[in-house]
Structures are given as structure tokens and as C-alpha cells.
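Asker: Starting from the given sequences, assemble the full structure and let the hints guide the process.
If you're matching positions, the sequence shown starts at 3 in the numbering used here and goes up one per residue.
If you are wondering where the hints come from, they were derived from the structure by calculation, not from laboratory data.
Wrong hints could be hidden among the right ones.
Derived lysine-lysine pairs resembling DSS-like cross-links, with alpha carbons at most 25 Å apart [said to hold, decoys possible]:
id, residue 1, residue 2
1, Lys121, Lys174
2, Lys90, Lys75
3, Lys7, Lys49
4, Lys121, Lys90
5, Lys90, Lys138
6, Lys201, Lys174
7, Lys122, Lys174
8, Lys174, Lys138
9, Lys49, Lys6
10, Lys138, Lys122
11, Lys90, Lys49
12, Lys240, Lys174
13, Lys31, Lys49
14, Lys90, Lys31
15, Lys138, Lys7
16, Lys201, Lys225
17, Lys119, Lys7
18, Lys240, Lys90
19, Lys75, Lys49
20, Lys119, Lys174
21, Lys7, Lys31
22, Lys122, Lys90
23, Lys31, Lys121
24, Lys49, Lys121
25, Lys119, Lys90
26, Lys49, Lys119
27, Lys49, Lys122
28, Lys119, Lys240
29, Lys138, Lys119
30, Lys49, Lys138
31, Lys240, Lys225
32, Lys31, Lys6
33, Lys174, Lys225
34, Lys121, Lys138
Pair by pair, the computed Cβ-Cβ distance ranges are [to be verified]:
id, residue 1, residue 2, range
35, Lys119, Pro193, 28 to 36 Å
36, Lys225, Ile170, 33 to 41 Å
37, Pro223, Asn173, 46 to 54 Å
38, Lys119, Val220, 25 to 33 Å
39, Glu97, Arg162, 27 to 35 Å
Positions of the beta carbon are idealized from the N, C-alpha and C atoms, including for glycine.
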Amino acid sequence: MALKKEDRRQNILSILAERESVNTQELAKLLDISLITLRRDLRDLQKSGLVINGYGVVRAVNQETDPSSFFLKRLRVERESKEIIASKAIEYVEENDVLFIDESTTCYVFALRLSRKFKKLHIITNGINILLALSKVQGFSVESSGGSLQYGFDSLIGPRAESLVSSIYANKFFFSAASFRSDIGTFELSPFSASIKRKMLLNSSERILLIDSSKFDVIAPFKMAEVGEINRIITEEKDFIPSLHS
Numbered sequence: 003m004a005l006k007k008e009d010r011r012q013n014i015l016s017i018l019a020e021r022e023s024v025n026t027q028e029l030a031k032l033l034d035i036s037l038i039t040l041r042r043d044l045r046d047l048q049k050s051g052l053v054i055n056g057y058g059v060v061r062a063v064n065q066e067t068d069p070s071s072f073f074l075k076r077l078r079v080e081r082e083s084k085e086i087i088a089s090k091a092i093e094y095v096e097e098n099d100v101l102f103i104d105e106s107t108t109c110y111v112f113a114l115r116l117s118r119k120f121k122k123l124h125i126i127t128n129g130i131n132i133l134l135a136l137s138k139v140q141g142f143s144v145e146s147s148g149g150s151l152q153y154g155f156d157s158l159i160g161p162r163a164e165s166l167v168s169s170i171y172a173n174k175f176f177f178s179a180a181s182f183r184s185d186i187g188t189f190e191l192s193p194f195s196a197s198i199k200r201k202m203l204l205n206s207s208e209r210i211l212l213i214d215s216s217k218f219d220v221i222a223p224f225k226m227a228e229v230g231e232i233n234r235i236i237t238e239e240k241d242f243i244p245s246l247h248s
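Answerer: Next up, the structure:
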């Protein structure tokens, strides 16, 4: 008799508790399930922050030692709001769009939804987890910004990343921020994140901020975007054009 979904996923976690990583084809054989079923289970486990799945290899997340733990902890914060924001944001995407997407957890949730709705997109991102999430999506052209890894943020930053981003033009830039102040603009915790996002913003024709209300009027040190440079702001509560509602 086929195992229930919850039992299958517990078995996956049990195997990964004994091994640092496992190939997806081998894992499917160990569990005696199809690759389609396994991928569906892994997708849900990754969304829950329990595993990392990419390039045919699965590994469990150890919250104490895994360098992705900070990202995953942030992913859980206001997760419901991020899902609402992502569901609204995909309404502003069309097939064949060229998109810049930043490394934020909100944009990670957004990227997962893109993979389920669209067949052909060209995406440029500096987010490691977004690259992994989209690595197996047939029909998507996904480009890494390259550059140096920024520890804790799972993002690619630095001169090489900025140089590549500066050579590409996107019709839409989806991004989040550590802070949004309606009278000033967006702010970041890292000057490196602010710098590469600034390059993406300057090389895109439409700039769409995805941000939950918990980020409003908090303190973050590094300015990234002016209010007037943002074309649309999407929150869990409303979707508005800042020039008309700020």
C-alpha cells in the first residue's frame, strides 16, 4: 500500500538525518516512489525550510550549523504575508518577460510561484536560493549575477556581480527591502546589497517593491531607492502606486 504524504516526507527526513546529502534518483529508489512524487514532496519540504534541493542533490537543513539557516529563519518570518504578496505580484508578470529578482526571502517565495504559473521567462538574480529553486524549471532562462557570496544573506555581491547586472536590461525589477519609509524610500542592512540592487533598479523600466507591513518605518542604514523611483508597491494589505498614495 502506498504511503501517505506525511509518512513519505518523514521517511525523507529520516534518510537525510543519516546522510549529509543524497542524489534525487537514489532517494526515489530508496523510498520506492516516482521522481514526480519525490519532487512534489521535496518542493513542500523546501518551502517549509527543512531541506535544500538543487542540481539533483538533496540535503537536510541543520539550523545550528547550516550557512543557510539565517535565510531560512528569515523565510519563516511573516511567511503568510509573503505568500499573499507573491500571489499579487505574479499578476504583473507576462510570458517572455525579462526580470531582475533580488535575493530577499519575499522574492524567493515569489520565484516559487513563478515556476508554477509561467512557461517561459528570462530571470537574472543574485539570490543563491532562487537559483536553486529555479534550476530545474524547464523553459526558464535563469542567469546568475556572479560575484562574491555574502555570508548570511545567501546573495551574490561585489564588482563582478554589479558589472554583469549593469550590462543587462530588464523590463521589470522585483525587489524587497529591509525597511521602507513612505517619505524617503527603501533601505538595506548591507551596503553591498544596496549597491547591486541599485544597479538592477537603474537598468529596469518598471520597479516593483514587494514588502510586508512589518518593514514599514523600521531602521536600516543604507539607502537604496527613492520613493519616486518605485513604480508600484505590493504589501499583504494593499497594492498601490507610491506617487499617488505616499
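Asker: Next step is simple, just say for each hint if it's right about the structure.
Answerer: Results for each hint:
Straight-line distance between C-alpha atoms of Lys121 and Lys174 comes to about 17 Å, which keeps the hinted pair within the 25 Å bound. For the hint pairing Lys90 with Lys75, the CA-to-CA distance comes to about 23 Å; that is within 25 Å, so the pair holds. A threshold of 25 Å between alpha carbons decides the hint, and for Lys7 with Lys49 the separation of about 15 Å falls inside it, so the pair holds. Under the criterion of a C-alpha separation no larger than 25 Å, the hint pairing Lys121 with Lys90 is consistent with the structure, at around 18 Å.
With a CA separation close to 24 Å, the supplied pair Lys90 and Lys138 stays within the 25 Å bound. Straight-line distance between C-alpha atoms of Lys201 and Lys174 comes to about 13 Å, which keeps the hinted pair within the 25 Å bound. In summary, the hint linking Lys122 to Lys174 is supported, as the alpha carbons are separated by about 15 Å, within the 25 Å threshold. Restraint check: the Cα-Cα separation between Lys174 and Lys138 comes to about 22 Å, which is no more than 25 Å; the hinted pair holds.
A distance of roughly 19 Å separates the Cα atoms of Lys49 and Lys6; the hinted pair therefore holds under the 25 Å criterion. Restraint check: the Cα-Cα separation between Lys138 and Lys122 comes to about 13 Å, which is no more than 25 Å; the hinted pair holds. With a C-alpha separation of about 18 Å, the suggested pair Lys90 and Lys49 falls inside the 25 Å cut-off, and the hint holds. A hinted pair counts as satisfied when its Cα atoms are at most 25 Å apart, and Lys240 with Lys174 qualifies at roughly 20 Å.
Our distance criterion of 25 Å between C-alpha atoms is met by Lys31 and Lys49, whose separation comes to about 23 Å. At most 25 Å may separate the alpha-carbon atoms for a hinted pair to count; Lys90 and Lys31 exceed this at roughly 38 Å. Between Lys138 and Lys7 the alpha-carbon distance is near 22 Å, which keeps this suggested pair within the 25 Å criterion. Our distance criterion of 25 Å between C-alpha atoms is met by Lys201 and Lys225, whose separation comes to about 13 Å.
For a cut-off of 25 Å, the pair hint linking Lys119 to Lys7 stands: about 23 Å separates their Cα positions. Restraint check for Lys240 and Lys90: the C-alpha separation of about 9 Å stays at or below 25 Å, so the hint holds. A hinted pair counts as satisfied when its Cα atoms are at most 25 Å apart, and Lys75 with Lys49 qualifies at roughly 12 Å. Of the supplied pair hints, the one linking Lys119 and Lys174 holds, its CA atoms being roughly 17 Å apart against a limit of 25 Å.
Annotation: proposed proximity of Lys7 to Lys31 holds, straight-line Cα distance about 16 Å (limit 25 Å). Proposed proximity of Lys122 and Lys90 is supported: the alpha carbons are some 19 Å apart, at most 25 Å. For the hint linking Lys31 to Lys121, the alpha-carbon distance of about 29 Å lies beyond 25 Å, and the restraint is violated. The suggested pairing of Lys49 with Lys121 holds, with an alpha-carbon distance near 21 Å, which does not exceed 25 Å.
With a C-alpha separation of about 13 Å, the suggested pair Lys119 and Lys90 falls inside the 25 Å cut-off, and the hint holds. Under the criterion of a C-alpha separation no larger than 25 Å, the hint pairing Lys49 with Lys119 is consistent with the structure, at around 17 Å. Note on Lys49 and Lys122: the hinted pairing holds, with a Cα-Cα distance of about 22 Å set against a maximum of 25 Å. Restraint check for Lys119 and Lys240: the C-alpha separation of about 22 Å stays at or below 25 Å, so the hint holds.
For the proposed pair Lys138 and Lys119, the alpha carbon gap of about 14 Å is at most 25 Å, so the pair holds. Note on Lys49 and Lys138: the hinted pairing holds, with a Cα-Cα distance of about 16 Å set against a maximum of 25 Å. A hinted pair counts as satisfied when its Cα atoms are at most 25 Å apart, and Lys240 with Lys225 qualifies at roughly 24 Å. A threshold of 25 Å between alpha carbons decides the hint, and for Lys31 with Lys6 the separation of about 17 Å falls inside it, so the pair holds.
For a cut-off of 25 Å, the pair hint linking Lys174 to Lys225 stands: about 20 Å separates their Cα positions. Only pairs whose Cα atoms come within 25 Å are accepted, and Lys121 paired with Lys138 is accepted, the gap being roughly 12 Å. Our hint of 28 to 36 Å for Lys119 and Pro193 holds, since their Cβ atoms are close to 34 Å apart. Between Lys225 and Ile170 the beta carbon distance is about 23 Å. The supplied range of 33 to 41 Å is therefore violated.
Between Pro223 and Asn173 the Cβ separation comes to about 31 Å, which falls outside the hinted range of 46 to 54 Å. Between Lys119 and Val220 the beta carbons are some 31 Å apart, a value that agrees with the proposed interval 25 to 33 Å. Checked against the hint of 27 to 35 Å, the pair Glu97 and Arg162 passes, with Cβ atoms roughly 31 Å apart.
When held up to the earlier numbered hints, the structure conflicts with 14, 23, 36 and 37 and fits the remainder.
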